[in-house]
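> Chains as they are written, first to last, in this note's numbering: chain A, 495 to 606; chain B, 10 to 125.
Possibly wrong hints are sitting among the right ones.
[Stated by the list, open to error] Take a look, some chain B residues computed to stay more than 10 angstroms from chain A by CB distance:
(1) GLY49
(2) GLY62
(3) VAL69
(4) LEU123
[To be verified] Derived Cβ-Cβ restraints for the label pairs, each shown as a range:
(5) B:MET28 / A:HIS576: 36 to 42 angstroms
(6) A:TYR533 / B:SER93: 25 to 31 angstroms
(7) A:THR549 / B:LEU78: 40 to 46 angstroms
(8) A:SER522 / B:SER60: 46 to 52 angstroms
(9) B:SER93 / A:SER497: 37 to 43 angstroms
(10) B:GLY62 / A:SER503: 37 to 43 angstroms
(11) B:LYS23 / A:LEU512: 28 to 34 angstroms
(12) B:ASN79 / A:THR549: 38 to 44 angstroms
(13) B:SER60 / A:THR549: 31 to 37 angstroms
(14) B:ALA91 / A:ALA511: 42 to 48 angstroms
(15) B:ARG53 / A:LYS562: 25 to 31 angstroms
(16) A:ALA495 / B:MET28: 41 to 47 angstroms
[Unchecked claim] Non-contacting residues of chain B with respect to chain A, defined by C-beta distances greater than 12 angstroms in every case (computed):
(17) PRO17
(18) SER27
(19) TYR73
(20) ASN74
(21) LEU78
(22) LEU87
(23) PRO92
(24) THR113
(25) LEU125
To be clear, the hints were calculated from the coordinates, so they are not data collected in a lab.
Even for Gly, the Cβ is constructed at its ideal location relative to N, Cα and C.
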Amino acid sequence: AQSVTQLGSHVSVSEGALVLLRCNYSSSVPPYLFWYVQYPNQGLQLLLKYTSAATLVKGINGFEAEFKKSETSFHLTKPSAHMSDAAEYFCAVRGGYNKLIFGAGTRLAVHP
Amino acid sequence: NAGVTQTPKFQVLKTGQSMTLQCAQDMNHNSMYWYRQDPGMGLRLIYYSASEGTTDKGEVPNGYNVSRLNKREFSLRLESAAPSQTSVYFCASRNSGGQGLGETQYFGPGTRLLVL
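The whole structure should be built from the sequences, with the hints applied where relevant.
Set out below in C-alpha cells:
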C-alpha cells in the first residue's frame, strides 16, 4: 500500500529565503508523485509531478522537487520565497485505480 | 473551458437532512473523484468513478452515495447528514494520457459543508 508523510505541518520562512517542504513516501511499486498547492478558499492546483522520467522535476512558480529513491523522498524546494507563496502544500502518491493518496499538508507562511 | 465546477459553494444542513453535491467537468475525462478535506488529515478519497457507468468506494465511503450521471457529471449524496460530515468536499477529474503521461487530477473549487 502507498502512503505519504509530510514532515512539519507548519513552515515559516522569510521573504527571499529558501523554501524546503519535506515529503517521504512509501510504495510497493515505482511511484508517481505529485505536489499540489492550495491557496486560501480555493481548490488544489498541480505544482509538479514525477512519473519516472527525470528525477529533478521543475514545476510552476519556480518550484522544483527531486525524487530520491534511496531516501524515499520527494522534497519540494524554491530558492527564494515570495509573499505570494504562502499557501498549503500537499504531497501525494498515486495509489491503486489512479486515486491519489495525500499527505496531511504543510502550511507555508512567508514573512517580510 | 471551465474545468471542474462544483455546486453549491457553501451549505449548512441540520443533522438528518439530505443533500446532493454536484460536480461537472468539461475536459472529456473518464475518471472522476470525490474527496473530503479535514484539518490535519489532507484529502481522503470518498468515492471514485473510473469511467461512465462505474463507481467504487474509496477510503471513507460510509454515509455517502454517488452517481455517475454521464461522462461529465459525478454527484455525491448525503442521505442523512451527521456533524462528522462537516468538511470541505472536492471533486476532481483525471486525464489518462497513457503510462505516466497526463497523470494529473484537476480539482474543483470545493464545497464547504457545515452540519449542525
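> Per the stated criterion, does the least C-beta distance between B:THR113 and chain A lie above 12 angstroms, as a non-interface residue requires?
5 angstroms, violated
> Is the hinted range of 41 to 47 angstroms satisfied by the C-beta distance from A:ALA495 to B:MET28?
32 angstroms, violated
> Taking the beta carbons of B:GLY62 and A:SER503, is their distance inside 37 to 43 angstroms?
40 angstroms, holds
> Please settle this one: B:PRO92 was flagged as non-interface, so is its CB more than 12 angstroms from every CB on chain A?
22 angstroms, holds
> Against chain A, does B:VAL69 keep a CB gap of more than 10 angstroms to every residue?
The claim stands: B:VAL69 keeps its Cβ more than 10 angstroms from every Cβ of chain A (closest is about 12 angstroms).
> Is it true that A:SER522 and B:SER60 lie within 46 to 52 angstroms of each other by Cβ?
25 angstroms, violated
> Verify the CB-CB distance for B:ASN79 and A:THR549 against the hinted window 38 to 44 angstroms.
40 angstroms, holds
> Please confirm whether B:LEU87 is truly not at the interface, meaning its C-beta sits more than 12 angstroms away from all C-beta atoms of chain A.
20 angstroms, holds
> Do B:MET28 and A:HIS576 keep their Cβ atoms within the hinted range of 36 to 42 angstroms?
Holds: the Cβ-Cβ distance is about 39 angstroms, inside 36 to 42 angstroms.
> Does the claim that B:GLY62 lies off the interface hold, with its Cβ farther than 10 angstroms from every Cβ of chain A?
15 angstroms, holds
> Looking at B:LEU78 again, its CB stays over 12 angstroms from all of chain A?
Answer for B:LEU78: holds, closest chain A Cβ roughly 20 angstroms.
> Are all C-beta atoms of chain A more than 12 angstroms from that of B:ASN74?
18 angstroms, holds
When the structure is compared with the earlier hints, violations turn up for hints 1, 8, 9, 11, 16, 24 and for no others.
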